[in-house]
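Colleague: Sequence:
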Amino acid sequence: MNTVGYNPSESAAEKLTQLEIALDALCKVAKRDIFVAYPHDNDAIAPYLIEEIKKTVELL
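Start counting the sequence shown at 47; every next residue gets the next number (my numbering).
For the record, the hints were derived by calculation from the structure and aren't laboratory data. Since we're looking at a predicted model, the values are computed, not measured. A hint or two may mislead.
Label-pair distances were calculated between CB atoms; the ranges are [to be verified]:
#1 Leu105 <-> Glu56: 29 to 37 Å
#2 Asp87 <-> Glu60: 16 to 24 Å
#3 Glu104 <-> Glu56: 29 to 37 Å
#4 Leu106 <-> Glu56: 26 to 34 Å
#5 Ser57 <-> Lys77: 30 to 38 Å
#6 Lys61 <-> Lys101: 14 to 22 Å
#7 Ile96 <-> Lys74: 12 to 20 Å
#8 Thr63 <-> Lys100: 17 to 25 Å
#9 Lys100 <-> Ala58: 17 to 25 Å
#10 Ala76 <-> Glu56: 17 to 25 Å
Taking lysine to aspartate or glutamate and the DMTMM-like style, the derived pairs with C-alpha atoms no more than 25 Å apart in a straight line are [unchecked claim]:
#11 Lys101 <-> Glu66
#12 Lys74 <-> Glu104
#13 Lys77 <-> Glu104
#14 Lys100 <-> Asp89
#15 Lys61 <-> Glu97
#16 Lys77 <-> Glu56
#17 Lys74 <-> Glu97
#18 Lys77 <-> Asp89
#19 Lys101 <-> Asp79
#20 Lys101 <-> Asp89
#21 Lys100 <-> Glu66
#22 Lys74 <-> Glu60
#23 Lys101 <-> Glu60
All residues carry an ideal CB built from backbone N, CA and C; glycine is no exception.
Build out the structure end to end from the sequences listed, making use of the hints.
Modeller: The structure is reproduced here in structure tokens:
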């Protein structure tokens with residue numbers, strides 16, 4: 047990993063983006079119509095998305 051200009055907040059934002067993309071793709075395959083309302087606590091967003099991904103995988 048290139049750490050030049052490393053910004054942990056950008057890394058966290060990229061992780062959330064990747065989780066959103068994964069959830070969106072899985073929902074399309076599972077034909078799951080979902081509306082995502084994020085928790086107010088920023089630290090709870092990634093676990094929330096991961097839980098929704100797990101629920102969607104169970105539908106496949």
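Colleague: Could you run down the list of hints and mark each one as holding or not?
Modeller: Each hint tested on the structure:
Here the CB-CB span from Leu105 to Glu56 is close to 32 Å, well matched to the stated 29 to 37 Å. Taking 16 to 24 Å as the suggested C-beta distance range, the pair Asp87 and Glu60 conforms, at roughly 20 Å. Between Glu104 and Glu56 the Cβ separation comes to about 32 Å, which falls inside the hinted range of 29 to 37 Å. Checking the proposed 26 to 34 Å range against Leu106 and Glu56 shows it holds: the Cβ atoms sit about 31 Å from each other.
The given range of 30 to 38 Å is respected by Ser57 and Lys77, whose C-beta atoms sit roughly 32 Å from each other. For Lys61 paired with Lys101, a C-beta distance near 19 Å keeps the hint of 14 to 22 Å intact. Ile96 and Lys74 have their C-beta atoms about 18 Å apart, which keeps the hinted 12 to 20 Å range intact. The hinted window of 17 to 25 Å between Thr63 and Lys100 holds, with their beta carbons roughly 19 Å apart.
Between Lys100 and Ala58 the CB atoms are about 20 Å apart, so this pair conforms to the stated range of 17 to 25 Å. For Ala76 and Glu56, the Cβ-Cβ distance of about 30 Å falls outside the hinted range of 17 to 25 Å, so the restraint is violated. At roughly 14 Å between alpha-carbon atoms, Lys101 and Glu66 fall within 25 Å of each other, so this suggested pair holds. For the hint pairing Lys74 with Glu104, the CA-to-CA distance comes to about 14 Å; that is within 25 Å, so the pair holds.
Restraint check for Lys77 and Glu104: satisfied, since their Cα atoms lie roughly 12 Å apart, inside the 25 Å limit. Taking the CA atoms of Lys100 and Asp89, the gap is about 18 Å. The hint holds against a cut of 25 Å. For the proposed pair Lys61 and Glu97, the alpha carbon gap of about 15 Å is at most 25 Å, so the pair holds. A C-alpha spacing of about 31 Å is found between Lys77 and Glu56, which places the hinted pair above 25 Å, so the restraint is violated.
For the suggested pair Lys74 and Glu97, the alpha carbons sit about 17 Å apart, so the restraint of at most 25 Å is met. About 28 Å separates the Cα atoms of Lys77 and Asp89, which puts this hinted pair outside 25 Å; it is violated. For the hint linking Lys101 to Asp79, the alpha-carbon distance of about 13 Å falls within 25 Å, and the restraint holds. For the suggested pair Lys101 and Asp89, the alpha carbons sit about 20 Å apart, so the restraint of at most 25 Å is met.
Taking the CA atoms of Lys100 and Glu66, the gap is near 13 Å; set against the 25 Å cutoff, the hint holds. Our distance criterion of 25 Å between C-alpha atoms is met by Lys74 and Glu60, whose separation comes to about 21 Å. For the proposed pair Lys101 and Glu60, the alpha carbon gap of about 22 Å is at most 25 Å, so the pair holds.
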